[in-house]
Amino acid sequence: MKYLILVSFCFLISCAQITLEPSDFAWPIETVLNIDEKGFINESRYSISTNVIDLFYAETNDSTSFKNESVRLIRDTKGYYYMIASGFKNVYLFSANDGKFVLTNKFFVSEFGLDLPAFNQRKPNIELLEGEKHLVFIDSNGIKGEE
Amino acid sequence: MNIKICLYFVCFLFFSSLLIAQSDYRITQEFKSRHRSFEIAIEYAKTNDELSKIRKEINEFKNEFKGNKELLNRALYPSNFEASFSTLSKKIEYTNKKLAEISTLQTKVTQVEADYSKLSGELKKLSTEVNSLRNTNTRLMAELKAFKSGYGGSKNAIDSLKNLVGQLKQGISKRDTLIKEIMDNIFMTAEHKVESLDDVEKKGIQTQIKNTSLIDNIRNLINDNLDFLNASLFTSNDLALLREEFKDFDQRWSHFGPKLFDIYSTDPKNQNKLHEIDTLITDWDSTIKMSVWRSIHNIFKNHNINIDEFENGLEFENAIINHIDSEINNETEIEGVKKDQNYVFFAERVWQGIIKNEWMPMLLSENLISSEQVSKIDEKLSDWKDSSSGTKSYFIYAIILILAFIIIGSILLINKRQKTLKNKDVSIEESPSKKNDSEIKSDEEFIDDK
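Chains as they are written, first to last, in my numbering: chain L, 947 to 1093; chain R, 170 to 619.
Isolated chain R (complex conformation) (with noise of 0.2 Å):
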């Protein structure tokens, strides 16, 4: 009976699943279909446990397909289903290193965010900053100008002005490296990489630079260096440190700029004051040489030597060869000795003294004349001297015959009141004795011989 009873349930179950079954296309697509959603979940896992429990999950999903392995290996082709789990695997590793770099980054950024907000303060204080000095400069500049033309050259008045100008050229100078920093702060973290940044770090820049007014400050800092230059006169020292400032921010322009330029390449406003700082910049520079120039033509100037005003090397040159002419040339007009004079106060006070000691080492460092120019010039001296030197010897030899004359006369004149003081004296002692006679005699003897 038991046996039947057996015998049924085997048959039963037979034909149960001959009745019951799958589709094997629709298994394939299952297995597909779950193994893309355990890919799409491993790459969206954010933390290892989310991942471990995603892996825990597969290796029940491998035990569930283990019986299909075979249709599936078919049906995957060209993969098969333990390469699809391999790959899987593949993608869990990944991901683990993807969050442990994440875990590493995610640490860096805090401090990354921690350093922004610390410089975002300093690029606050800096431009307070900044505007302050930029209010103070605007002052010292009215004050200047004004004082300028009330200038009146007593000592007093020339030691408030120089004290003026060294204010005004310090306030400067302090707000350039401010400025500086700025710009130094702003790029610190996009140093190698502005032209690989991404809208959103483009974006983050331009709010430091708008925050910090930084292009407008650029633009002032220029200006107020250009009327600043336009307004003074210099010595050599001083324009060769306002030189070596220049070219300290054309350095940082040259290197900050094209930056500048590529985080606003689809801005046309911010482009446009770009391109203005650039102008500006060129402007700068011949300004500084200009300046230089006008300083040489007023040493001429102050020295009471006319000479043509001269804005580069060439003209600079031809003032000087011209004026060393017309002194040669000028013989008939100007006495021989004066001309000698003349001469010697050019070529050894303001050549020498001034020009080639003072200038000289800036002008040639610069390129703003070169040592040939220089030679051209010293020679032409050489000239003027030459054509002077004849009416100096007369002038010495007139010097000389006048002191001879002086000294003879002198020693004559001498001698005479010396004899008329000696009669006096014998008349006087005389009368009351004549006990020194043989003295007197000798006396006179040896005044004689004197």
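The following block holds chain L by itself, in its conformation from the complex (with noise of 0.2 Å):
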């Protein structure tokens, strides 16, 4: 009986302390999601839903903001999510935890909000685009270009 509980120990602490690395949870491009009348967006080739309302409220002040809107999504090497939108003045960056998008942090990056935002993968980092014009490059850290 000792020996089994030892045994047991010893597993549940080899579990608890493997870490498989490097990973790379990079998206090769942004996808843009158009959000349904619910406020659900859906992505089918990673298979993510999840409902926006929240954010554009956080964004807009307005619950009512999303409609007719699309999102773009991107995930980087670290597996941190980045969210925009058109009108969007910010960058949200969420992390994936127990069936949740949890914010992660929020980046400032155009006083009028911009009209055509965009990612592309850079790895390790993230670039936004204002239509065709560079802006920023971004990981979970911050703005890379301002530094």
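Note that these hints are calculated values from the structure, not bench results.
Calculated lysine to any residue pairs in the SDA-like style (CA-CA distance at most 20 Å, straight line):
| id | chain 1 | residue 1 | chain 2 | residue 2 |
| --- | --- | --- | --- | --- |
| 1 | R | Lys238 | L | Ala972 |
| 2 | R | Lys201 | L | Arg991 |
| 3 | R | Lys372 | R | Val278 |
| 4 | R | Lys238 | L | Arg1068 |
| 5 | R | Lys379 | R | Ser296 |
| 6 | L | Lys1079 | R | Asn237 |
| 7 | R | Lys201 | L | Glu989 |
| 8 | R | Lys294 | R | Glu350 |
Covered by chain L, per the in silico footprint, the following chain R stretches (three or more residues, Cβ under 8 Å):
| id | stretch |
| --- | --- |
| 9 | 191-200 |
| 10 | 241-251 |
Glycine included, C-beta positions come from ideal geometry on N, C-alpha and C.
Assemble the dimeric complex from its two separately framed chains, guided by the hints.
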């Protein structure tokens, strides 16, 4: 019995210590997702679905501003998700936790909001564009262009 | 100084390249969109030249996006850059083959169009001929009916009637052949695939059927044959021919009928006409059979043999057996010799000479009567023969006796007459000379001997 308890304990300790690295969670390109009338987006290639009403409310203070809009989503090498939409002044950084997108960081990128925002995967960063104009490089720590 | 300028220029390029950027998503979308446009252009290409032009444009497109190959390899997952272009190449190859086939088919279509035009002309001609023949046949039928009502029975009248029936038969047969030709021509192109014809093809056939009044002509054809069968009496050869014609048509109908039903599956008016034709064909068959029995009954009637009417093999057998039974049982009413004569007349002249020789092969081959039924009738006839054979022997003895009397009587009479003649000759020759006495004597002796 003692032996069994000892083996189980060792097994649990060894499981908790396993780390697979290096890992790369980066998506090759961003996805542009239309928001349905209930505020949901659905990404078919990576099988992601979430409700973005709170994101739009946080950005605009208007819970109906998501209607007829689309969200641009990309994931960096570390596995953080970057979200932005047309008219947003900020880029929102999320991590996936316990079946939810949890806001990790928020980066101010435009005083008047971006008309044509777009993300590019530029490992280890994410590039933010306005139309065809480069704006900044971002990672989970913040905006690189400002450094 | 120059080095400084170069450095500034490189810095400018570096920063400007940083400032001018393209969205990967946009590049991918543009690639996908142009790829799709090429797919559509290939699908709609109508000539090989167009296809060559598209191939050239695709090469340019490939070169244009070569710089984004890595991005596209990842973005187009599960496809990739090269696979996208090999898809386009395959499509071009397929379309190329398709165009070659279309070109071959085009030639065939031209040929078929020419055939169709020729066929339409022929159908029109046949249709006109059918109408003309129908008019002639109607006139002949009316003449036949009028003639029969005033039919006198003279040789000339019979010849005219025969001639009329012959003409009518020929006319109907010719018209039937033309209608069969029309049916063959209309369905020739769609022989094996009526089930898979599309609406346009079905419409084309419907137009031809309408232009040639095919359904009405078929209905008229059967009705005319029915009228003809009902209006005339036929020989076994005539009916065998008419039966062959019916069979030929019936076979064609069982082939084309379902196709016509299929073509008019949504047209209740024509469907009703086709159902009517189905019923008429059954009538045609039974009318031919009736005509056979009617013609046979007429043979008995023409030979003054009173026999019940019959409409099928069983009734025919019963009618003949009843007649024979009545002949056998009528011993008291008919004299012995007459009874024998009746048997000979019925059995040998009518039954054997006409019915069995002329009609029986057809009756048996068409299963209108069975060989067992014929055997039964033959057995009954031998019963009749047996019952009349006693009277026949008396009749023969009586004839022999009478003949014997006649022969003996004749000999005696001749003898007597010769004697008388001789006596006369002797008395004439005695007076002039008696020189030949000895000869006369010898002659007399000879006559006596005789």
